[in-house]
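**Q** Work the whole structure out from these sequences, hints included.
Okay, here's what each chain looks like letter by letter:
Number of protein chains: 2
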Amino acid sequence: MGKAASSRPIESQAPTMADVALRAGVSAMTVSRALKEGSRVSKATREKIMAAVNELGYVLDQSAGSLSSRKTGFVAAIVPSINNSNFADTARGITDELESTGLQLLLGYTDYTVEKEEKLIEAMLRRRPEGIILTGGAHTERARKLLKSAGIPVVETWELPSKPIDQVVGFSNEEAMGLLVKTLARKGYRKFGYIGGTTSRDTRGSQRREGFVRAIEELGLPTGRLVSFGVPPISIEQGGQAIVSMLERWPDTEAVLCVSDLSAFGALMECKRRGMKVPQDIAIAGFGDYEVAAFCHPGITTVNVDCYGIGRQAARRLIQVIRGAEKKQGQEIVLTGYRVVEREST
Amino acid sequence: MGKAASSRPIESQAPTMADVALRAGVSAMTVSRALKEGSRVSKATREKIMAAVNELGYVLDQSAGSLSSRKTGFVAAIVPSINNSNFADTARGITDELESTGLQLLLGYTDYTVEKEEKLIEAMLRRRPEGIILTGGAHTERARKLLKSAGIPVVETWELPSKPIDQVVGFSNEEAMGLLVKTLARKGYRKFGYIGGTTSRDTRGSQRREGFVRAIEELGLPTGRLVSFGVPPISIEQGGQAIVSMLERWPDTEAVLCVSDLSAFGALMECKRRGMKVPQDIAIAGFGDYEVAAFCHPGITTVNVDCYGIGRQAARRLIQVIRGAEKKQGQEIVLTGYRVVEREST
DNA sequence: GTTCCTCATGATATCGATAACATATACCCG
DNA sequence: CGGGTATATGTTATCGATATCATGAGGAAC
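Those protein sequence lines, which keep their order, are chains A and B. The first sequence runs 1 to 346 under this note's numbering. The second sequence runs 1001 to 1346 under this note's numbering.
Wrong hints could be hidden among the right ones.
As the list claims (entries may be wrong) - Pulled a few chain A residues facing chain B out of the computed Cβ check, cut under 8 Å: (1) N83; (2) L219; (3) G240; (4) K272; (5) E291; (6) C296.
As the list claims (entries may be wrong) - For the chain A half of the interface with chain B, some residues (derived, Cβ under 7 Å), not all of them: (7) A64; (8) T113; (9) V114; (10) G266; (11) Y308.
Claimed, not checked - Derived CB-CB ranges, DEER-like: (12) A:V244 <-> B:G1224: 41 to 47 Å; (13) B:T1199 <-> A:R274: 50 to 56 Å; (14) A:D281 <-> B:T1140: 54 to 60 Å; (15) B:T1223 <-> A:R274: 49 to 55 Å.
Just so you know, the hints here were simulated from the structure itself, not pulled from any lab data. Predicted, not measured: the structure shown is a model, and the values here were computed from it. All C-beta atoms in this analysis are idealised placements derived from N, C-alpha and C, irrespective of residue type, glycine included.
**A** If you want it as structure tokens, here you go:
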């Protein structure tokens, strides 16, 4: 910069593409092309334009661009909670997958209610996302209608909905919990208890519970040891309270399965606080393979779910439809893996 | 619905405001008014319009609206990680505070690098947010320039930057860690160790470490017991590995302070795994008051930070500038509280 | 040298809503 | 009943970019 320092005009207005064009001595259209990857602009012109861009501190206005190009570059994703590290991982997977494509994530959370989900869906659709990722298959009728008339690809995740809207990336929570029961039954446990939330708001939680009940029945084991405690998402603290209730009602329970690792961890800590030995006095298992389950002592047996992969795959499927062939290839269902991780708590 | 089922026209195009207007027999402008809170439209007209809206499944297009109104309704927030429950809480606080105002959050995460922050800031500014919330005070020069020329209110959080851009909602990590040291010194501990990450990427971590060193020096206690382990954010697992290293080099350490509760939890579990008694053999403290610290056994002494409140207050300050008086009231700094929470681990 | 093609660039219309102004109708009051 | 005011609605221009078509310059081939 051998030239005199360029005086910065004190304009409160942010510079526009026309300002850049004027300064670079080209048309606005050429500026638009120069700022877009893969369009042909001569090297000299591009340099002039970039110089003007830097001098003015210009940043492209995508809200204007998306109006004329009819592509907003948004993808919406709705999860039950961003405080839950499983869903945070999914959100991270989505973001990471979107990053290379220049798509921007609009993230919302429902607090596990379909009513808030409906509101969120509507709010997001106002931004005209090019695709939308939902958690689970439970939605209000109005939400379904809104999604249908929006005409954008939808991916439901984390479950296998009985009535899929469009695409699905998920797994059967019922089967996964069933597998956990069977794995532990093979180790000799017979009196199983289950800890979960009180309502059906958390559909994945309900499915896991059903999977538990079904597996117990199939194996011909003692049934009925179900404790419901707290509104989903059931916290660490509530897991601790729930196991107290479990031990009071069914003191001879041999193994307790929890709807998530957080409640399992709470249960585990409560047991230790009471001087019980895990797994000798009682075995505890969770679901989700949270970091805390791997590194607490004893480590908690759990079901590992590919949370991050769910996010990446969901985003990838959207991208394929958005950027790829116009034609939707029908309701594809992607099954994501899960596996039982046995640790010291069982 | 006593009427015959309305046949759904197979139009791939999403309906526009003009379609609604046509159907309701009014002008587009009236539709726009009817869909906006607080504008005067007669009851009969509004009902006609709402009927048309529902029949067509119309959803307002805000990207178009924000172009003419010159208000996008976006607020950007950039945090180091969304997998960290402290920052997830802050994001939740922001979202909750924005909800009533109709503003939509654009959330991004930097993985603790200023380079990715710069990229994110630029990407977000392309969406023309009306305000932006950042974590910490470390930014690239270019990021600062971009923010300045964007001319929107900026709130830096979670720290007290030495060179604030605009507004600040945070606390002194240095002082907070110093308070923790002093609190434990009062209980009689003298040989303090510190566990943190290896680089200065995590500026809050660095500040906590400085606060630790300074407090130790001021109290005239033995210095130098610092273990750096792993790239921030330091995980539970790395906390466990770090305390092994600490015990090898300084076996007589009485109390170990960790950059966060996650590493403290890892350290705690590793000690238990080795059969050490906490706090009798060694005391352990963390930072951040994560849920796990409260409910693990023994509970971990830590510094509680109002993560959620930081988010709410940061958002509130933005809203005041955005929706309120045009005039910025200068660089206001809001101090958020913190407090030492003593538990069984010390 | 003429024709044809490629590549760089410009001109204009347009995306879908809203701001700002214009107009029409109803209502109020002395 | 006339003038003024409030309320409801319509008309037009506009936000800032991009799609599309048009144009011009340069080069290759014969």
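**Q** Would you mind marking each hint as holding or not holding in the structure?
**A** Taking the hints in turn, this is what the structure says about them:
1. N83: 5 Å, holds
2. L219: Since the shortest Cβ distance to chain B is 32 Å, the answer is violated.
3. G240: Interface hint status for A:G240: holds (6 Å vs cutoff 8 Å).
4. K272: 5 Å, holds
5. E291: 5 Å, holds
6. C296: 5 Å, holds
7. A64: With a closest approach of 6 Å, the A:A64 hint holds.
8. T113: Since chain B brings no Cβ nearer than about 14 Å to A:T113, farther than 7 Å, the hint is violated.
9. V114: Because about 17 Å separates A:V114 from the closest Cβ in chain B, which is outside the 7 Å limit, the hint is violated.
10. G266: 6 Å, holds
11. Y308: 10 Å, violated
12. A:V244 <-> B:G1224: 41 to 47 Å: 45 Å, holds
13. B:T1199 <-> A:R274: 50 to 56 Å: 42 Å, violated
14. A:D281 <-> B:T1140: 54 to 60 Å: 56 Å, holds
15. B:T1223 <-> A:R274: 49 to 55 Å: Given a distance of about 41 Å, which is not inside 49 to 55 Å, the answer is violated.
When the structure is compared with the earlier hints, violations turn up for hints 2, 8, 9, 11, 13, 15 and for no others.
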